[in-house]
Amino acid sequence: MATLMRAYDPLFDPLTDTPTQGQQYAPTYWVATAGEPPPDDGPAPDGLIADVVVVGSGFTGLSTALHLAQDHHAEVVVLEANAAAWGCTSRNGGQGQNAMGRLYRSQWIAKWGEQTAKRLDAEIRSGFEYWESLVAQFDCDAQTGGHLYTAHRDKKIDFLRNESRVMNNIFGYKTRMLSREELREEYVNDQEAKAALWEPQGVGVHPLKLAFGYLRRARELGVKVHTSSPVMKVETRDGLHHLHTPGGIVKARKVAFATGGYTTQGVHTTTRSKLMPIQSNSMVTRPLTAQELAEAGLKSTVFITDTRTLRFYYRLLPDGSVQLAVVSAITGKDAANPKHLELLKKGLYRKFPSLEGSQLRTTGAGGSMSATI
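Going by full-length UniProt numbering, 320 is the number at position 320 of the sequence shown; the sequence numbering is gapless.
To be clear, the hints were calculated from the coordinates, so they are not data collected in a lab. Every residue gets a Cβ at the ideal spot worked out from N, C-alpha and C, and that includes glycine. Any given hint could be a false lead.
[What the hints assert, rightly or not] Pairwise CB distance ranges (calculated): (1) R165 x G357: 37 to 45 Å; (2) T18 x P38: 24 to 32 Å; (3) A294 x Q265: 48 to 56 Å; (4) N337 x K118: 39 to 47 Å; (5) L240 x K299: 55 to 63 Å; (6) E342 x G47: 20 to 28 Å; (7) E185 x K346: 24 to 32 Å; (8) P318 x H67: 27 to 35 Å; (9) L310 x T16: 31 to 39 Å; (10) K346 x E220: 43 to 51 Å.
Hey, can you work out the whole structure from these sequences and the hints?
Put into structure tokens, the structure is as follows:
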């Protein structure tokens with residue numbers, strides 16, 4: 001259903017603003033290359049009733065709806081404030097890792113003990129394998145081959161070597177340590193990288209193409225996806241949740257919040273001050289020539305993360321361009337500050353000096369991830 005969309009507002013801050021409605025996508029590389037968005041069900045009318053209402057139509061919301069409809073035959077309605085997959089799903093790095101948060105597995109053991117770490121690993125591995133099975137079903141430019149952690153300083157080499165040992169001996173993985181020379185010979189000539197840990201679990205995707213695949217499949221299964229339908233508040237009475245939207249009230253037996261870093265403070269007491277938005281700024285270069293790729297030593301599409309506290313993560317995309325991102329801006333209102341794009345450019349040039357001055361025509365856009373408090 002066609003819906004008149006409003007211009008994208010880069011200054012939206014979920015911690016202080018009310019929900020947006022009907023905004024166009026942020027001007028990202030993913031939006032420019034994903035193709036025409038699939039049809040949705042337009043704004044939610046008054047009087048809808050469902051078994052489950054999912055609030056938010058990003059990866060989490062759409063996959064939740066898809067799973068409920070396919071495996072549990074539930075009647076599901078998805079409510080989205082803007083366009084489908086408008087938030088971080090259309091702005092992230094597209095890097096699927098078998099990981100959780102900022103801690104490595106050796107740090108899980110130190111913090112919670114080996115048995116808890118093993119249970120956590122089993123849960124995360126199960127989720128990653130399920131996600132891999134979804135990726136295989138959709139045309140999303142999947143890049144398999146695993147993931148590389150690069151030591152950006154010499155003192156990080158022993159840390160990664162120990163992590164590789166822990167992952168292999170305790171958790172049963174088949175990781176591999178690469179020397180600086182092996183990394184450059186097989187994968188990439190990152191001038192900052194001193195060594196690397198390779199893990200076979202890791203898939204890079206075009207995130208918006210994948211989300212569009214979720215959207216099509218969910219609607220085929222009977223899920224109603226209503227865009228331009230922000231949830232302003234939720235009331236519960238007589239055993240039903242009443243979700244107030246601009247078009248009226250939607251009722252549900254159960255509600256799943258999947259709004260991530262775009263969860264506004266007033267939507268529900270269970271999420272208030274529990275989700276902190278964290279900006280991740282991303283940049284994509286123009287497609288590089290064969291000579292530029294050779295001079296930079298970019299040989300593989302395996303995605304890469306360095307060991308900084310505020311990590312740089314990057315990869316070579318199927319069209320020969322390079323995508324690079326880092327956590328930088330703290331608030332949405334600061335995301336458009338040119339210094340954040342300059343930080344990304346400097347990071348790119350430190351890693352690949354031959355690209356400096358090559359008129360890369362970089363484009364950048366940021367989005368909010370969510371940290372649970």
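Among the hints numbered above, which are violated by the structure, and what are their numbers in rising order? Violated hints: 6 and 9; rest satisfied.
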